[in-house]
Amino acid sequence: MTTTVNIHEAKTHLSRLLSRVQDGEEIIIARAGKPLARLTPLSNRERGMREPGLAKGRITRAFFEPLSAEEQDAWEI
1 MTTTVNIHEA KTHLSRLLSR VQDGEEIIIA RAGKPLARLT PLSNRERGMR EPGLAKGRIT
61 RAFFEPLSAE EQDAWEI
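Residue numbers (the working numbering): 1 to 77.
Since the hints were made in silico from the structure, they are not lab data. All values reported here derive from a predicted model rather than from experimental measurement. Idealized CB from N, CA, C, for every residue including glycine. Do not take every clue at face value.
What follows is a list of derived Cβ distance ranges for each label pair [as the list claims (entries may be wrong)]:
(1) Q22 to D73: 48 to 58 Å
(2) L18 to E71: 54 to 64 Å
(3) T40 to S68: 51 to 61 Å
(4) E65 to L14: 48 to 58 Å
(5) E25 to G53: 24 to 34 Å
(6) E71 to D23: 49 to 59 Å
(7) R16 to L42: 12 to 22 Å
(8) S15 to A55: 35 to 45 Å
(9) L54 to R20: 24 to 34 Å
(10) R58 to T2: 10 to 20 Å
Given the sequences, and given the hints that come with them, work out the whole structure.
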């Protein structure tokens, strides 16, 4: 859903508008009825949050392979 607000309303109610944007709404800021700017939520990646499955399909080997019998014997006391 997109809502258009004028600059005065945007300055007056910026916190409320940002809460709506955070909930997924898009806000257009207009001057004299002409669109000037768009407020949209940032993606998780843009916000610095990790996204699960980002490397899916790119890892072809396990991180830890079983130790050989020789290496296993060296670890045992």
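Right, here's what the structure says about each hint:
1. The hinted range of 48 to 58 Å is satisfied by Q22 and D73, whose Cβ atoms lie roughly 57 Å apart.
2. Judged by the Cβ atoms, the range 54 to 64 Å given for L18 and E71 holds: they are separated by roughly 55 Å.
3. Between T40 and S68 the C-beta distance comes to about 54 Å, which sits within the given range of 51 to 61 Å.
4. About 54 Å separates the C-beta atoms of E65 and L14, a value consistent with the hinted range of 48 to 58 Å.
5. Distance hint check for E25 and G53: the Cβ-Cβ separation is about 27 Å, which falls inside the suggested range of 24 to 34 Å.
6. Between E71 and D23 the beta carbons are some 54 Å apart, a value that agrees with the proposed interval 49 to 59 Å.
7. A hinted range of 12 to 22 Å holds for the C-beta pair R16 and L42, which are about 18 Å apart.
8. As the Cβ distance of S15 to A55 is approximately 37 Å, the hint placing it in 35 to 45 Å holds.
9. Against the hinted window of 24 to 34 Å, the Cβ-Cβ separation of L54 and R20 comes to about 28 Å, which satisfies the hint.
10. In this structure, R58 and T2 break the distance hint of 10 to 20 Å, their C-beta atoms being roughly 36 Å apart.
Violated hint for the displayed structure: number 10, the only one.
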